[in-house]
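Visitor: Listed below, chain by chain, are the residues.
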Amino acid sequence: MRLLTVFGKGIYLMANPHPDEQVLYGKIRDEEIKVPLVIWDLIYRYLGDEISAITQITVSYHRYNEVIPVSDAKKILEHIKKINVIIRKILHHDRIENENEKLDELKNYNTPLHPVINELFFHYIGNDVYGINMIVSYHLDPLDESPIPVEEAQKILNKTFTMKQFMDRLREATHQEVKF
Amino acid sequence: MDKSKIKILVVDDEEDITFFTAKILEYDGFKVFKALDGAQALEAFEKEKPHICVLDAHLGYSKITGMEVLEKMKAKDKNIEVIMITRITDHETVDRAKALGVKDYLLKPLASTQWVENVHAAANRVWERNLSNG
Chain S
1 MRLLTVFGKG IYLMANPHPD EQVLYGKIRD EEIKVPLVIW DLIYRYLGDE ISAITQITVS
61 YHRYNEVIPV SDAKKILEHI KKINVIIRKI LHHDRIENEN EKLDELKNYN TPLHPVINEL
121 FFHYIGNDVY GINMIVSYHL DPLDESPIPV EEAQKILNKT FTMKQFMDRL REATHQEVKF
Chain B
1001 MDKSKIKILV VDDEEDITFF TAKILEYDGF KVFKALDGAQ ALEAFEKEKP HICVLDAHLG
1061 YSKITGMEVL EKMKAKDKNI EVIMITRITD HETVDRAKAL GVKDYLLKPL ASTQWVENVH
1121 AAANRVWERN LSNG
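So the sequences go chain by chain: S and B.
Anchor point for the first sequence: position 106 equals 106 in the numbering used here, and the numbering is continuous, going up by one each time.
One rule links them: number in the numbering used here = place in the second sequence (from 1) + 1000.
Just so you know, the hints here were simulated from the structure itself, not pulled from any lab data.
A few of these clues could be false.
[Stated by the list, open to error] In silico DSSO-like cross-links for lysine-lysine, where the CA-CA straight-line distance does not exceed 30 Å:
hint: 1; chain 1: B; residue 1: Lys-1034; chain 2: B; residue 2: Lys-1049
hint: 2; chain 1: B; residue 1: Lys-1034; chain 2: B; residue 2: Lys-1007
hint: 3; chain 1: S; residue 1: Lys-34; chain 2: B; residue 2: Lys-1098
hint: 4; chain 1: S; residue 1: Lys-155; chain 2: B; residue 2: Lys-1063
hint: 5; chain 1: B; residue 1: Lys-1031; chain 2: S; residue 2: Lys-74
hint: 6; chain 1: B; residue 1: Lys-1063; chain 2: S; residue 2: Lys-81
hint: 7; chain 1: B; residue 1: Lys-1049; chain 2: B; residue 2: Lys-1003
hint: 8; chain 1: B; residue 1: Lys-1023; chain 2: S; residue 2: Lys-82
[Unchecked claim] Simulated restraints, written as ranges between beta carbons of each label pair:
hint: 9; chain 1: B; residue 1: Lys-1076; chain 2: S; residue 2: Asn-16; range: 10 to 20 Å
hint: 10; chain 1: B; residue 1: Tyr-1061; chain 2: S; residue 2: Lys-34; range: 19 to 29 Å
hint: 11; chain 1: B; residue 1: Glu-1068; chain 2: S; residue 2: Gln-154; range: 14 to 24 Å
For glycine and all other residues, C-beta sits at the position ideal for the given N, C-alpha and C.
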């Protein structure tokens, strides 16, 4: 982990960068690799909302040095489940599920993500979502449910911050301006 | 600054974003109203006359988009401070928002407390302009 920045009342840490990060982003720029619009929509519309929701729930306690109660930790878990549906659709485009009516319109798409973007996407989004899932699930163990402590909430914020950084950087590297 | 006199409208179609954004601002001492779509937003705007609006530019499946909400609010109150939180990045939309007086245009996903700093800065402007003389 390395120190990234300080803002608000917390010090935010970012996960280790991908070992070939510079090379991969260079490829995206040099080869003008783009994200298919339907996947762009999944990433910036649905994923963006779910990550924002997790952030707002967490900040609403962390900012005031309060633990996240079990009831709201469960809400975070619900957003993680939705993110996992979106990730499965993006990384395994042939596996179509219909668990979320909002995604129904996208169930027939079959456009694969470019392998370079796929690699970065899995590293930053896949791993960070998995990390948040582990933190929250640990505290929601049915045999011993407990609120999420402030220091664990900090880790959740570190991971949502890393995901945002990735999404901002991908937006920059692909030079895609998208209007809906 | 007496933050309890500053009214903020939070508009986002994702319920948890709206609820917890409002919770943070209430905790900071502001008077907060919530809306989940464009129609609710305009109704709350007319009724509560907020000084600041934290507005999602897109609003999902709402019949009235966030940009339309912005235009209608600005037509009636050019001084309302609007913090746009959006995933839309095309120049046309950004330029349109700026032309309507939007100073803060933040990209989703939210992953920091930058937006809270923007709200506090907007609240200071509102206080100096409208409320500091009681």
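Visitor: With reference to the structure, classify each hint as holding or not holding.
Guide: Structure-based check of all given hints:
With a CA separation close to 13 Å, the supplied pair B:Lys-1034 and B:Lys-1049 stays within the 30 Å bound. A threshold of 30 Å between alpha carbons decides the hint, and for B:Lys-1034 with B:Lys-1007 the separation of about 11 Å falls inside it, so the pair holds. In summary, the hint linking S:Lys-34 to B:Lys-1098 is supported, as the alpha carbons are separated by about 27 Å, within the 30 Å threshold. Of the pairs offered as hints, the one joining S:Lys-155 and B:Lys-1063 is violated, with about 38 Å between alpha carbons and a cut-off of 30 Å exceeded.
Among the hinted pairs, B:Lys-1031 with S:Lys-74 is consistent with the structure: their alpha-carbon atoms are about 27 Å apart, no more than 30 Å. Distance check on the hinted pair: B:Lys-1063 and S:Lys-81 sit about 28 Å apart at the alpha-carbon level, within 30 Å; holds. Of the pairs offered as hints, the one joining B:Lys-1049 and B:Lys-1003 holds, with about 15 Å between alpha carbons and a cut-off of 30 Å not exceeded. Restraint check for B:Lys-1023 and S:Lys-82: the C-alpha separation of about 23 Å stays at or below 30 Å, so the hint holds.
For the pair B:Lys-1076 and S:Asn-16, the beta carbons lie near 50 Å from each other, so the given range of 10 to 20 Å is not met. For B:Tyr-1061 and S:Lys-34, the hinted distance range of 19 to 29 Å is satisfied, since their beta carbons lie about 26 Å from each other. Separated by about 38 Å at the C-beta atoms, B:Glu-1068 and S:Gln-154 break the suggested range of 14 to 24 Å.
Hint compliance for this structure: hints 4, 9, 11 are broken, all remaining hints hold.
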